[in-house]
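Starting from the given sequences, assemble the full structure and let the hints guide the process.
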Amino acid sequence: MDAIQTEKLTKSYGTARGIVDLNLSVQEGEFFGFIGPNGAGKSTTIRTLLGLIYPTSGRAFVFGMDVVREKENILRRVGYLPSEAFFYPKLRVRDVLQFSANLRKSDCSAEAKKLCERLQLDPEKKIDELSFGNRKKTAIVCALQSKPDLLILDEPTGGLDPLMQRAFFEILQERNRDGATIFFSSHILSEVQRNCTRAAVIRQGSIIACDRVEAFANAGAKRVTIRGHVDLSKLHGIKDLREGDGAVSFLYSGAAMQLLLQCLSAGQVTDLTVSEPDLEEVFLHFYEEEENA
Amino acid sequence: MTILNHELRQGRTSFWIWTGVIGVMLSVCVFLYTEVRGEMDAVTDLFSSFGSFTAAFGMDRLNFGTLEGFYAIECGSMLGLGGAFYAAICAVSMLSKEEMNKTADFLLSHPISRRRILLEKLLAILVQISLLNLIVLAMSVVSILMIGEEIPWTELLLLHLAYYLLQLEIAGICFGISAFVKRGSVGIGLGIAVFFYFTNLISNLTESARFLKYFTPFSYCEGADIIADKTLNLGRIAIGAAACLAGILAACLWYDRKDLT
Chain D
2 MDAIQTEKLT KSYGTARGIV DLNLSVQEGE FFGFIGPNGA GKSTTIRTLL
52 GLIYPTSGRA FVFGMDVVRE KENILRRVGY LPSEAFFYPK LRVRDVLQFS
102 ANLRKSDCSA EAKKLCERLQ LDPEKKIDEL SFGNRKKTAI VCALQSKPDL
152 LILDEPTGGL DPLMQRAFFE ILQERNRDGA TIFFSSHILS EVQRNCTRAA
202 VIRQGSIIAC DRVEAFANAG AKRVTIRGHV DLSKLHGIKD LREGDGAVSF
252 LYSGAAMQLL LQCLSAGQVT DLTVSEPDLE EVFLHFYEEE ENA
Chain C
583 MTILNHELRQ GRTSFWIWTG VIGVMLSVCV FLYTEVRGEM DAVTDLFSSF
633 GSFTAAFGMD RLNFGTLEGF YAIECGSMLG LGGAFYAAIC AVSMLSKEEM
683 NKTADFLLSH PISRRRILLE KLLAILVQIS LLNLIVLAMS VVSILMIGEE
733 IPWTELLLLH LAYYLLQLEI AGICFGISAF VKRGSVGIGL GIAVFFYFTN
783 LISNLTESAR FLKYFTPFSY CEGADIIADK TLNLGRIAIG AAACLAGILA
833 ACLWYDRKDL T
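Protein chains in written order, with the numbering used here: chain D, 2 to 294; chain C, 583 to 843.
Among the hints, a few may not be true.
[Unchecked claim] Listed below are several chain C residues computed to face chain D (Cβ distance under 7 Å; list not exhaustive):
1. Met583
2. Lys684
3. Thr685
4. Asp687
5. Ser691
6. His692
7. Pro693
8. Ile694
9. Ser695
10. Glu702
11. Thr781
12. Leu842
Treat the hints as calculated values from the structure; they're not laboratory data. Backbone N, C-alpha and C fix where the C-beta goes; we use that ideal spot for every residue, glycine too.
Printed below as a string of structure tokens:
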């Protein structure tokens, strides 16, 4: 059975676009990435699945249940982590966790304790004293403590330091091995590539690609910026070449990294930066071109 | 009843401040009665010379020399306005605060229906307003006993019941508004309470404005009428109950289909 299925799901905010005719299918047990730049419609899709907003047209199902008519039954099996978590400021972390467990009518205290220890979250702290990162950790424990069958995570790593991100993804991998379906949205390609089995790319409210993550790897380009003198004429796979200010910058497909290194070592490089391009660039210069080819 | 408990806990500080202020002010007024009792004839004469404004506050029909008359005027100010403000603030922010403080996502992503949330929040308002009125009534009774006066039970209970119903009416209307607004809800709530209060004052000024009595819950809380008739104006209370239910119904219908953005 599909954990998530949408059929021509559309949501408009007045005249503004949210998502348009979105068709998406996530199978049970998948670790699924939902990639797209800011404003692409990731949060709109997620909020529709959770029943926080209502579809303008089309339908959506979670574990075969209609998101409008069977919302409560769906939410019993779903843990949600919003991109920005807000809680009641006068409460302590443990009160929020207890309140969340009470709303689910379940005793999650043992699991909450374990998660707080792993994420180094002090349950005695007051919400209004928490940093952005610690608020995020509180939201993570809230989402995970009831051991839901489906985890819907909206840009979950924002505010977490790299060590915490690693701990967080370890927990997600464990949950996934135990059978939970993970659906997480991100605009960071590398974190999707590292963790997901399948991913969909959303742009301007529509899915432009949905495939296994390995298929996206070919599009795993790097933004290379060089200062110095290097002959790039023999190097294939260069896109979006920009020159100026004593530096040359281009997108390079990761498939033949050895050739890039040979080319660089043959020249005189005074400074080199290799960075992750933003998704918009990648899909503009690689994925879409391949689609059109 | 998780949300009911949560709301009672969240509103605890505000509840005790309002209850304390209204209760203490009423008690102070009762204690003042012993001080000014002897001079009441002069005071009544003085107030009766203010013309239309005497009528606006119902002072032309009340005898300041009796505890009931004195209490009805003071009660009108303290419990009337104080209770109306508390009911308005409590109800008008009950739903809107979740969106304003961005906690709606947290609350509504749990397996609990919006109808259930509405019901428990409504109960939280009812419990808080009821408790406030019971405590304030108890403080009044104790204060009257302390000054050695006989308690005018019928008048006292009818006055307090009328103000309790007024608070419920305002709360119902404000609860309806709470489902529609995100920000500035407290200002709207207070504005409504003040509007109702002044509408009643205006309706007392001239015969041509008398029809306004049907549009304000303060009209069935007139101490002068309650003490004279020893009964409540059920017709006006029925209109108030309808307004209260309309507010709650509007909240139910709208909140159930509302996009929480």
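Worksheet entry | Supplied contact hint for His692/C, tested at 7 Å Cβ to chain D | 4 Å, holds
Discussion item. Using the nearest Cβ pair, does Pro693/C come within less than 7 Å of chain D?
Written reply: 4 Å, holds
Worksheet item: Given Met583/C was flagged as interface, is its beta-carbon under 7 Å from a beta-carbon of chain D?
Response: For Met583/C, the interface hint is violated, since the closest Cβ of chain D sits about 10 Å away, which is over 7 Å.
Item to complete: For the hint on Ser691/C, just tell me whether its beta-carbon gets within less than 7 Å of chain D.
Response: Given a least distance of 4 Å, the restraint on Ser691/C holds.
Fill in: chain D contact restraint for Glu702/C - C-beta distance below 7 Å
11 Å, violated
Fill in: chain D contact restraint on Ile694/C - CB to CB distance below 7 Å
6 Å, holds
Practice prompt. Could you check if Ser695/C really has its C-beta closer than 7 Å to a C-beta on chain D?
Written response: 6 Å, holds
Worksheet item: Holds or violated: is there a CB of chain D closer than 7 Å to the CB of Thr781/C?
Response: Where the cut-off is 7 Å and the nearest Cβ of chain D is about 36 Å from Thr781/C, the hint is violated.
Worksheet item: With a cut-off of 7 Å, does the beta carbon of Lys684/C approach a beta carbon of chain D closely enough for the hint to hold?
Response: 4 Å, holds
Item to complete: For the hint on Leu842/C, just tell me whether its beta-carbon gets within less than 7 Å of chain D.
Response: The hint holds - Leu842/C has a Cβ within 7 Å of chain D, the shortest such distance being about 5 Å.
Worksheet entry | Satisfaction of the Asp687/C interface hint, Cβ to chain D closer than 7 Å | With a closest approach of 5 Å, the Asp687/C hint holds.
Worksheet item: Taking the least C-beta to C-beta distance, is Thr685/C closer than 7 Å to chain D?
Response: At about 5 Å, which falls below the 7 Å cut-off, the nearest Cβ of chain D leaves the hint on Thr685/C intact, so it holds.
Of the numbered hints listed earlier, those contradicted by the structure are 1, 10, 11.
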